[in-house]
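Peer 1: Sequences are here, hints too, so could you generate the full structure?
For the sequence shown, position 52 (counting from the first letter as 1) is numbered 52 according to the UniProt record's numbering, and the numbering increases by one without interruption.
Take the hints with a grain of salt, since some may be wrong.
Unchecked claim - Below, computed lysine-lysine pairings styled on DSBU-like, alpha-carbon distance capped at 35 angstroms:
hint	residue 1	residue 2
1	Lys198	Lys188
2	Lys198	Lys80
3	Lys255	Lys80
4	Lys187	Lys198
5	Lys80	Lys188
I should point out that these hints are in silico values taken from the structure, not numbers from a laboratory. From a predicted model like this one, the values you see are computed outputs, not experimental measurements.
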Amino acid sequence: MLKCVHRGKTGCFECCIKCLGGIPYASLIATILLYAGVALFCGCGHEALSGTVNILQTYFEMTRSAGDVIDAFTLIDIFKYVIYGVAAAFFVYGILLMVEGFFTTGAIKDLYGDFKITTCGRCVSAWFIMLTYVFMLAWLGVTAFTSLPVYMYFNLWTICRNATVVDGANLCLDLRQYGIVTIGEEKKVCTSSESFIKMCDSNELNMTFHLFIVALAGAGAAVIAMVHYLMVLSANWAYVKDACRMQKYEDIKSKEEQELHDIHSTRSKERLNAYT
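Peer 2: This is how it looks when you write it as structure tokens:
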């Protein structure tokens, strides 16, 4: 970072403006949005999965399968580990994108010159564009996948609301229609059962439903951050490309000027020798 040296009010002010001008604000906004989205998705998603486990065990009377059988609880545990990995990976990725943004700003250009930026920055920017595009598609898939539990809990919440409005209605929710259990297992709750009434009256169902909604919003925010990053990286790549062309032009121009200077110096020496 540039250091502001106290050289009077004007010098310090200009130095601070130069420091602020070197901050990649577009990358900073995208990074904040990415961290907020990933934090919401990972935090709320983890707690929502834990609440789902409690609901399945308490009200649907489901138990973990013995042995190496992959059941709903095993899948939930796998999703939790995936959430841990996503949180760590995108924390590092956000830092890398911020560093890339700093190395394509005017402040770094003034410090290190055009050549060092263009030789490394062009390849790095192109690589980050491709990687960010892949991550954007991945987050689109995550958003679509996160909408499934929101849809399931919305159906369950609707059944609970209709059961209180319509007297004598016998509504049931069967987990087999969502693929949570196999066809041979019958795990369902109906409005006439005591466990269904307790589930609807509990705060756990309402909390888990809203946690999944917030996790879905976080995944959507991560998608928007990826799109924002794509725009920033594309602009940086175009800037670095133009800087590379300008550098080549300056090199050719400097070479031609040097040749003209050499020719002029040679002729001057020849004239001087001829005169003497």
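Peer 1: Each hint should be assessed against the structure and marked as holding or not.
Peer 2: Quick rundown of the hints versus the structure:
| no. | hint | result |
| --- | --- | --- |
| 1 | Lys198 to Lys188 | 14 angstroms, holds |
| 2 | Lys198 to Lys80 | 27 angstroms, holds |
| 3 | Lys255 to Lys80 | 61 angstroms, violated |
| 4 | Lys187 to Lys198 | 16 angstroms, holds |
| 5 | Lys80 to Lys188 | 25 angstroms, holds |
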